[in-house]
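A.B. asks: The primary structure of each chain is shown beneath.
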Amino acid sequence: MSPAIGGTLARLDGRAKVSGSARYSGEVPIPHLAHAVLIGAPVANARITAVDATEAEQSAGVLAVLTHLNLPKVAMQPSLLPSLAGLAAPGHTFFPMQDDTVHYAGQHVAVVVADTLERAEHAATLVRIDYDTTPPVTLLEEIKDQAYEPQKIFGGLLPGRQVRGDIEAGLRDAEVRVEAMYEFAANHHNPIEPSTTTAAWDEVGRLTLYDGIQGPTSTQLTAAAFLGVPPAQIRVVSNYVGGSFGSKAMVWPHATLAAMAARHVGRPVRLALNREQMFTSCGHREQQRQHLTLGARADGKLVAVRHHKLSLTSHFDDWAEPSLQSPAIIYDYPNYEGIYRLGRGNINTPTFTRAPGEATGMFAMESAMDELAERIGVDPVELRLRNCSDTDPATGDPWSSSGLRECLERGAELFGWAGRDPRPRQRREGNWLIGTGMATAAYPHAQPVNPQRARARIYSDGSVIVEAGVSEFGTGISTAMTLVAADGLGVTVDQVRFAGGNTDMPNITAAVGSAGAGAASAAVHLSVTALREQLIGMAVADEQSPLHGADPAAVVVEGGRMALRDRPDAGETYSAMLQRKLVPDVEAIGNWIPPAQDVGHGMHTFGAQFAEVGVDAELGLIRVRRMVGVFAPGRVLNRRTAHSQLMGGMLWGLGQTLLEATRMDARSGRWANASLADYLVPVNADSPDVVVDTVEVHENVVNPLGVKGVGEIGVVGVAAAIGNAVYHATGYRARSLPIALDDILSQAS
Amino acid sequence: MQVTVTVNGEEYTRDVDTRLLLVHFLRDHLGLTGTHWGCDTSNCGVCTVWLDGVPVKSCTVLAVMADGHAVRTVEGLERNGTLDPVQEGFVQCHGLQCGFCTPGMMLTARWLLDHNPDPSEEQIREAISGQSCRCTGYENIVRSVRWAAEHSTVEATK
Ligand code: FES
Ligand code: FES
Numbered sequence: 003m004s005p006a007i008g009g010t011l012a013r014l015d016g017r018a019k020v021s022g023s024a025r026y027s028g029e030v031p032i033p034h035l036a037h038a039v040l041i042g043a044p045v046a047n048a049r050i051t052a053v054d055a056t057e058a059e060q061s062a063g064v065l066a067v068l069t070h071l072n073l074p075k076v077a078m079q080p081s082l083l084p085s086l087a088g089l090a091a092p093g094h095t096f097f098p099m100q101d102d103t104v105h106y107a108g109q110h111v112a113v114v115v116a117d118t119l120e121r122a123e124h125a126a127t128l129v130r131i132d133y134d135t136t137p138p139v140t141l142l143e144e145i146k147d148q149a150y151e152p153q154k155i156f157g158g159l160l161p162g163r164q165v166r167g168d169i170e171a172g173l174r175d176a177e178v179r180v181e182a183m184y185e186f187a188a189n190h191h192n193p194i195e196p197s198t199t200t201a202a203w204d205e206v207g208r209l210t211l212y213d214g215i216q217g218p219t220s221t222q223l224t225a226a227a228f229l230g231v232p233p234a235q236i237r238v239v240s241n242y243v244g245g246s247f248g249s250k251a252m253v254w255p256h257a258t259l260a261a262m263a264a265r266h267v268g269r270p271v272r273l274a275l276n277r278e279q280m281f282t283s284c285g286h287r288e289q290q291r292q293h294l295t296l297g298a299r300a301d302g303k304l305v306a307v308r309h310h311k312l313s314l315t316s317h318f319d320d321w322a323e324p325s326l327q328s329p330a331i332i333y334d335y336p337n338y339e340g341i342y343r344l345g346r347g348n349i350n351t352p353t354f355t356r357a358p359g360e361a362t363g364m365f366a367m368e369s370a371m372d373e374l375a376e377r378i379g380v381d382p383v384e385l386r387l388r389n390c391s392d393t394d395p396a397t398g399d400p401w402s403s404s405g406l407r408e409c410l411e412r413g414a415e416l417f418g419w420a421g422r423d424p425r426p427r428q429r430r431e432g433n434w435l436i437g438t439g440m441a442t443a444a445y446p447h448a449q450p451v452n453p454q455r456a457r458a459r460i461y462s463d464g465s466v467i468v469e470a471g472v473s474e475f476g477t478g479i480s481t482a483m484t485l486v487a488a489d490g491l492g493v494t495v496d497q498v499r500f501a502g503g504n505t506d507m508p509n510i511t512a513a514v515g516s517a518g519a520g521a522a523s524a525a526v527h528l529s530v531t532a533l534r535e536q537l538i539g540m541a542v543a544d545e546q547s548p549l550h551g552a553d554p555a556a557v558v559v560e561g562g563r564m565a566l567r568d569r570p571d572a573g574e575t576y577s578a579m580l581q582r583k584l585v586p587d588v589e590a591i592g593n594w595i596p597p598a599q600d601v602g603h604g605m606h607t608f609g610a611q612f613a614e615v616g617v618d619a620e621l622g623l624i625r626v627r628r629m630v631g632v633f634a635p636g637r638v639l640n641r642r643t644a645h646s647q648l649m650g651g652m653l654w655g656l657g658q659t660l661l662e663a664t665r666m667d668a669r670s671g672r673w674a675n676a677s678l679a680d681y682l683v684p685v686n687a688d689s690p691d692v693v694v695d696t697v698e699v700h701e702n703v704v705n706p707l708g709v710k711g712v713g714e715i716g717v718v719g720v721a722a723a724i725g726n727a728v729y730h731a732t733g734y735r736a737r738s739l740p741i742a743l744d745d746i747l748s749q750a751s
Numbered sequence: 002m003q004v005t006v007t008v009n010g011e012e013y014t015r016d017v018d019t020r021l022l023l024v025h026f027l028r029d030h031l032g033l034t035g036t037h038w039g040c041d042t043s044n045c046g047v048c049t050v051w052l053d054g055v056p057v058k059s060c061t062v063l064a065v066m067a068d069g070h071a072v073r074t075v076e077g078l079e080r081n082g083t084l085d086p087v088q089e090g091f092v093q094c095h096g097l098q099c100g101f102c103t104p105g106m107m108l109t110a111r112w113l114l115d116h117n118p119d120p121s122e123e124q125i126r127e128a129i130s131g132q133s134c135r136c137t138g139y140e141n142i143v144r145s146v147r148w149a150a151e152h153s154t155v156e157a158t159k
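As you go down the protein sequences, you meet chains A and B in turn. In this text, residue positions in the first sequence follow our numbering: the first is 3, and each later residue adds one. In this text, residue positions in the second sequence follow our numbering: the first is 2, and each later residue adds one.
Simulated from the structure, these hints should not be mistaken for lab results. These numbers were taken from a predicted model, which means no experiment stands behind them. Among the hints, a few may not be true.
Unchecked claim - Derived list of chain B stretches under chain A, where covered just means 3 residues or more per stretch with a C-beta under 8 Å from a C-beta of chain A:
| # | region |
| --- | --- |
| 1 | 19 to 27 |
| 2 | 70 to 78 |
| 3 | 97 to 105 |
| 4 | 112 to 124 |
What the hints assert, rightly or not - Which chain A residues face chain B? A few, computed with CB under 7 Å, are given here:
| # | residue |
| --- | --- |
| 5 | E195 |
| 6 | G244 |
| 7 | N276 |
| 8 | R625 |
| 9 | N686 |
What the hints assert, rightly or not - Computed far set for chain B versus chain A, every beta-carbon distance over 10 Å:
| # | residue |
| --- | --- |
| 10 | E11 |
| 11 | R15 |
| 12 | W38 |
| 13 | L52 |
| 14 | V57 |
| 15 | V62 |
| 16 | M66 |
| 17 | F91 |
| 18 | S153 |
Ideal placement from N, C-alpha and C gives every residue a C-beta, glycine not left out.
Work out the full structure, taking the sequences as your base and the hints as a guide.
C.D. replies: Shown next as structure tokens:
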């Protein structure tokens, strides 16, 4: 096994982050900076009838007030494609302030620019906008009768309906059926750093954007399209990003508005969303309802699954998170029907939210599996094992790697699942009813479609720089890429510097859908492999080298030295060779072409989640006492960063289950709790004892290093594991997220 | 209005708008951007600094209220190029991912350790209860503070 990869290297960006010197996109010092403040519509369905900006324009320090009356028109509207496609990636197919229509509350209707943030904020309160309003439509209840079946969802990537076998016959012939309806509140990402863009044009019309984003190229291409400026004239810098979770996966209008404002006032402009604006400006997980029917044999073997989803989208996009994908393939059964239905409302287009789709779809699937297990008297872990599939049931192709069985078994062992009394309400400690539950986790392996590139250069002193245009939003990508580079070249990690974070670097697609580590590691691996081969080639061709005339394939590298595999004494260091030959540096590009979608393998990441809860019998309070998550994410590049991401993901699952809900005030059409005071995220008092483990699988299909990624899988299945534990503790079956205390109380009494 | 604030031992005199918040004073006027800003409701805690030795959320303090007072920010944790054990702990124990919550967490942790050099896990969790981290799941943050507690003793006896 490689020496560096798979180890536990401390994060290399740690020092910058603990010293306060890491500059996030709103913190890069820029002379003569002006500040822009957005005004969001306070109404959800309206036409603007009048704008009076006079008082604001006359307010001290104000440089401009931009509204639909004076903002330039965008050059074009790119279509909505997930940023993984590597093209322009607007969050929605709508650009604000192009006309007088208000489609949703919070839609940007004006931008106020002033010399200080305080003056811009004050002036924003002085802009008068009149609206002619119509009652808004914002709830699932209001659209359910007009819902339609979209051709495609998720930015055109997935069909709106998928079937296999004969669902009617399958359900009819099933010996046992479990049918239920599941409800999900809308969720918001709430990274701790609100999105911020700083825009600066130079004298010759080139634009620099400092933008917090999951991939700098996506901002570059999107802003280029909207502004009608060639991408080559736009440089995007995204060195540090204060968390994203999907909110910075797509490029939302504020980035382009910052550039427009800067061009208008002839000064660099910083535009920061405030927390309330984060609820209306960069998407959300949509409010949704899922109707699921399982058909099984008496021994628990599934034979048919019908899974329908109804959700709310905007007036301009058919967006639904792909909740049905994992439940459709996670177990082996012949008959399936999955249908997405959408209704349009006065809301912004939803977007990726960590574990987009699986976080909800797998709650439905794994809650129903728990009911099935109870109905037929089979242990829940055993039921999953009976339904595990060695092939992708949709295509019949073998998995590139699975590990699901091992995750279930290892999780059960770590958790101490064996011997569990399946009957609910059997364990009590004082006032607390104790229960345990489990669920399967699954996440489709997403791939970029376009080539992924990195560049590696070694200097004659043996130091190495590797570059790729990734952004560091918390995952530890720079640390992991340093390990990959060190291993590929056979040098120590302190000889390698990895640099990313801007569009001058070789292009890597935005890191979304847990595809970031796989894509970047493939490109970096290929770049250092090419560099190593080039260096070995130089040595064997050089008469003065101890390796002269050797077969390049017989040369191995270690400790910065090339040597014969069979005769380690015959060799020399990279630097000795380069210095002798008076070569200052050698450089190579890695260019990874991702495999096509039909590689003859199903590609999915699997895991298993276990939870123990205590429920206060009188108050209905739910405390998660401990969780165990075991995952099979392929090759783990850095165990320390990977475990931390998985653990953070499990806490996200806990938040989704017990706390997180954005509620709509249907009368005003506005989110009723758009603040961190009212939208609850898990705090440390909520965080239970968490055990994270990974199982090794042999993976050589997805990318050169077999990396499947760890960003999302930690979230998936947590909600069902906790919900099933709540049922085990109380006898109350939660089918609505987040689980409300009052539901438990009304049921328990 | 003119204010004089001592930040990390250095005196700064500036003309400021009376409505200017301390967090923006530190970030925009002094360029000390290690103090972050994340909400408008004093919930997230990323803006935490010390005011006269006590952790406060600098988004709920006006710059003019800090006139004549002493502020300590993350930039003032390091001494003579050596990281504070709390900073070292966050690096060693992977107490961060995106790092946005980290400065505030560390300032609270430093204050806790000054008053309670050997805090239990419970006491650490209590101390940072006014601060949110969306990335890490908190475990490693608690471990980082424990690491600092253990290594501060070594430091002191050296
Ligand atoms: S900025 Fe969130 S508490 Fe101060
Ligand atoms: S490390 Fe990202 S919020 Fe704490």
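A.B. asks: Each hint needs a verdict: does it hold in this structure or not?
C.D. replies: For each hint, the structure was consulted:
1. Coverage of the region 19 to 27 of chain B by chain A holds [criterion: at least 3 residues with CB-CB distance below 8 Å; count 3].
2. Proximity of the region 70 to 78 of chain B to chain A, defined as three or more residues with a beta carbon under 8 Å from a beta carbon of that chain, is established by the 4 residues found.
3. Under the rule that three or more residues need a Cβ within less than 8 Å of chain A, the assignment of the region 97 to 105 of chain B holds, with 8 such residues.
4. Residues of the region 112 to 124 of chain B lying with their CB closer than 8 Å to a CB of chain A number 0, which falls below the three-residue condition for coverage.
5. Nearest Cβ of chain B to the Cβ of E195/A: about 5 Å, under the 7 Å cut. The hint holds.
6. A distance limit of 7 Å between C-beta atoms decides the matter here; for G244/A the minimum to chain B is near 3 Å, and the interface restraint holds.
7. With a cut of 7 Å, the hint placing N276/A at the interface with chain B holds, because the nearest CB-to-CB distance is about 6 Å.
8. At about 14 Å, the closest approach between the beta carbon of R625/A and any beta carbon in chain B exceeds 7 Å, and the interface hint on this residue is violated.
9. A cut of 7 Å between beta carbons decides the hint on N686/A: the least distance to chain B is about 4 Å, and the hint holds.
10. Distance check for E11/B against chain A: the nearest CB is about 15 Å away, which clears 10 Å, and the non-interface claim stands.
11. Its beta-carbon lying about 12 Å from the closest one in chain A, R15/B satisfies the requirement of being farther than 10 Å from that chain.
12. A cut-off of 10 Å between C-beta atoms contradicts the statement that W38/B is not in contact with chain A; the least separation is 8 Å.
13. Listed as a non-interface residue, L52/B keeps its Cβ farther than 10 Å from every Cβ of chain A; the least gap is roughly 17 Å.
14. For V57/B, the non-interface assignment is confirmed: its Cβ lies about 17 Å from the closest Cβ of chain A, beyond the 10 Å cut-off.
15. Under the 10 Å C-beta cut-off, the non-interface status given to V62/B relative to chain A holds; the minimum distance is some 15 Å.
16. Every beta carbon of chain A lies more than 10 Å from that of M66/B, the smallest distance being close to 15 Å; the non-interface claim holds.
17. In this structure F91/B is not separated from chain A by more than 10 Å, as the shortest Cβ-Cβ distance comes to only about 5 Å.
18. With a least CB separation of 15 Å from chain A, S153/B remains clear of the 10 Å interface cut-off, as annotated.
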